[in-house]
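Chemist: Could you put together the complete structure from these sequences and hints?
Protein chains: 2
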Amino acid sequence: MAPKALDYESMNENVKKVQYAVRGELYLRASELQKEGKKIIFTNVGNPHALGQRPLTFPRQVVALCQAPFLLDDPNVGIVFPADAIARAKHYLSLTSGGLGAYSDSRGIPGVRKEVAEFIERRDGYPSDPELIFLTDGASKGVMQTLNCVIRGEGDGVLVPVPQYPLYSATISLLGGSLVPYYLEETANWGLDIIDLQQSVAQARSKGITVRAMVIINPGNPTGQCLSEANLREILRFCYQENLVLLGDEVYQQNIYQDERPFVSSKKVLMDMGLPFSKEVQLVSFHTVSKGYWGECGQRGGYFEMTNIPPKTVDEIYKIASIALSPNVPAQIFMGLMVNPLKPGDISYEQFVRESKGILESLRRRARMMTDGFNSCRNVVCNFTEGAMYSFPQIRLPPKAIEAAKRAGKVPDVFYCLRLLEATGISTVPGSGFGQKEGVFHLRTTILPAEEDMPAIMESFKKFNDEFMEQYEDYRGYSRM
Amino acid sequence: MAPKALDYESMNENVKKVQYAVRGELYLRASELQKEGKKIIFTNVGNPHALGQRPLTFPRQVVALCQAPFLLDDPNVGIVFPADAIARAKHYLSLTSGGLGAYSDSRGIPGVRKEVAEFIERRDGYPSDPELIFLTDGASKGVMQTLNCVIRGEGDGVLVPVPQYPLYSATISLLGGSLVPYYLEETANWGLDIIDLQQSVAQARSKGITVRAMVIINPGNPTGQCLSEANLREILRFCYQENLVLLGDEVYQQNIYQDERPFVSSKKVLMDMGLPFSKEVQLVSFHTVSKGYWGECGQRGGYFEMTNIPPKTVDEIYKIASIALSPNVPAQIFMGLMVNPLKPGDISYEQFVRESKGILESLRRRARMMTDGFNSCRNVVCNFTEGAMYSFPQIRLPPKAIEAAKRAGKVPDVFYCLRLLEATGISTVPGSGFGQKEGVFHLRTTILPAEEDMPAIMESFKKFNDEFMEQYEDYRGYSRM
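Just so you know, the protein sequences line up as chains A and B, in that order. Counting with full-length UniProt numbering, you get residues 1 to 481 for the letters of the first sequence. Counting with full-length UniProt numbering, you get residues 1 to 481 for the letters of the second sequence.
The set of hints was computed from the structure by calculation and includes no laboratory data. Each residue gets a CB set at the ideal place from its N, CA and C atoms; glycine is no exception.
Simulated pairs of lysine to any residue, SDA-like, Cα-Cα distance not exceeding 25 Å: (1) A/Lys114 x B/Glu32; (2) B/Lys17 x A/Asn308; (3) B/Lys319 x A/Arg29; (4) B/Lys319 x A/Glu422; (5) B/Lys90 x A/Gly52; (6) A/Lys17 x A/Leu418; (7) A/Lys16 x A/Leu179; (8) B/Lys39 x A/Asp105; (9) B/Lys90 x A/Ile79; (10) B/Lys35 x A/Asp105; (11) B/Lys17 x A/Val15; (12) B/Lys319 x A/Leu179; (13) B/Lys16 x A/Glu131; (14) A/Lys319 x B/Lys16; (15) B/Lys16 x A/Glu13; (16) B/Lys90 x A/Ser31; (17) B/Lys410 x A/Asp315; (18) A/Lys343 x B/Phe70; (19) B/Lys16 x A/Pro311; (20) B/Lys16 x A/Asn148; (21) B/Lys406 x B/Tyr472; (22) B/Lys16 x B/Ala204; (23) A/Lys35 x B/Pro310.
Using C-beta positions, here's what the derived DEER-type ranges look like: (24) B/Lys312 x A/Glu438: 22 to 32 Å; (25) B/Glu32 x A/Tyr349: 35 to 45 Å; (26) A/Arg123 x B/Glu36: 29 to 39 Å; (27) B/Gly345 x A/Gln258: 57 to 67 Å; (28) B/Lys312 x A/Arg407: 20 to 30 Å; (29) B/Lys357 x A/Val353: 40 to 50 Å; (30) A/Ile79 x B/Ala87: 16 to 26 Å; (31) B/Lys312 x A/Gln34: 16 to 26 Å; (32) A/Val353 x B/Glu131: 36 to 46 Å; (33) A/His91 x B/Lys357: 25 to 35 Å; (34) B/Asp315 x A/Ile79: 44 to 54 Å.
Modeler: Following this line, the structure appears as structure tokens:
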């Protein structure tokens, strides 16, 4: 009998081509080990609550009340919920038509989109139009929708940083497009070089690829760098010259661990540049409730804002969003709460500030502990995590380790990460899942393990690594730069 | 300058080809009128809470507590929440790793998938494997993922009933596949004729299309029929013979308004048929928390169960699901609560039964009121709504009305529905959005307006319709059958 449509041989090839390392071999092996009773430290996904971060109290109170609107009529509600949470729940319910159980408009609740626009205006100092803001089930869904509009076939290319977050490579494969890599420069703290960008585009063109869009991740994932205003300006000028849509993945905009270079949005830089850029460059920027000090990953809330996208295209994106009816409504309320937070004087304000500052300051300390820890290990070098939630150390694998990996049928960094997992329970993602230069190896870990566990984790990492290096190094030593 | 990637001319053509009438011209016009202050009765989407249906208390209590886990340590929690809701919240939180704020496994929380499997086993009397059940953000997302694996290009066809729910036509367009229509027979209460199916396949083949899958919607949307066991058996045998994957959209399985023909799942019928069918036919079945007496559309919770899908394919689907990390977690809890409801003796059991029975019985009365109402109108005939949430009356438009529509540049049923909207505020979806035979016209309305409003709505409809018919009919009368 002929293969059936859902037999592996017969499936859509684009599906099979997709690679998704964040939940790939390492994650699957870690899940197995966990089932067998081994203690696993999951640092493969930026999933703070899974590693013990507690949710912010106030937004959870508001959403709990929105889920249980009958409590708003209960005379005892004030015993367990503060008055400002009750008021906010009433506010958000009044913005819905039918509460959390009704589909919203496919673009999201108009009142919440208005609050997002006000947030962007305050952040950037430029007007923002709620009609050009769509709420989504997490930022990923917005990225996928946007790329779906951009990519028409394998002749269409999208510039993606290497290393990159595999959402981009996976989505481009799934949509049958072509990924055009540009390399971030590790020795320049993962900076972005415009000359390198131009070369990537030229190379893609020589292969017959039309480069149509460019992705930046700022702050960087997995690389942790913050792009400077000057660098963003160069990028936007480049997009203008090359006629590229810019996808600005700005989901880590609240996660900044140094004071020298605050987050600046692509939208603000574009508006600052003035004409012709501010009216010409097509920009789609993404944000989420999953990161920042919220870390509400499981809620799946995000938005994207479109700049210089023509109304007819906005209508098409609206139509596509409508196929799945609406993003989940509870996460839309979280988004409202994120962009329109408590103000000084509100009853819950001090608690909210204490909780959110506590998380951010601890992340900053953890970024430092982790980077320093990696840099104290044999054959490991690591740029400081300026932002986002990850460390991306380079692991200088000795030739004998690379040979051993080959004998085991593994990519060298996968081999290293599997050995690390078996020895210590630390579940990381090999650098090959994000892309890296030929012959150079990394791993990605989140900086999210609980602060009190961090010294023991880094010690356990160092013990494994240094023994691994000892095992595979020539006695003459190994000194590749 | 060349068009930019997100200029309309330059976008992915598959995006532009998508049609999505449920939120199309009628919906947009209704939204405009609402902004202008007109009272609109939105019957375009099966969105019960938007039309005043109140959520079931118990599941909302449980999810509210899961959102506010700190309440579980509050000595006063028992003042506003019953003990069984507290116990259930603890149960579901124990199944997560990190509560509602953490991404779950991309397939959904293992413990909830186990509860779904137990539900299916009780329903069908056959084993169900949690590893073959994936939770999704509403059933739509699961349908889109499945079709994404099936469709490789325009040479791949999917059999879709006409009239159909436009999720299918829209997704097939977006994925660049070919829709192969098969017609449901209105005069046989929207039954499905196997000979017609065979003709559809033969016709598609003659055009060079490989038919790879078939969609059934049972109970039907927009048509409201329930498929008999004998009919399902024929369909499954047909899928076996023609080597087709069956997509069983069973989201309305709790919405049954007659006693003669209970819902039977495709999975049960397939297992009943025994070898070779039960081991050969590839089946994916879909369910949701959006319908039934829950109507929790805004939460976006669903699942799909795979039968006879090889493990390598399941791995591929898992990988694709991983790109967007995880379905939203709160809706996974709703799914657990739906498939594992309260039992006699639980504190909240009686209230739960009272609320859910109240909703279902009212829907049954409304289905009757609506069908009878339509059948009392001039030139309108309507099959009884046996299940689901819709009425799909045929509107026999007089030739002069069809001419008037042409002059206005509108499809005739769109013309009628727009006039209905302007005159009465009732926002329906024209039959052309679902597909219908040439020269035959329908509209779809949900049966969801509040029961107490129903007589006035049907009266207002009748007044509009009968005047419309009066206006456009020859004085000699119009009697097309």
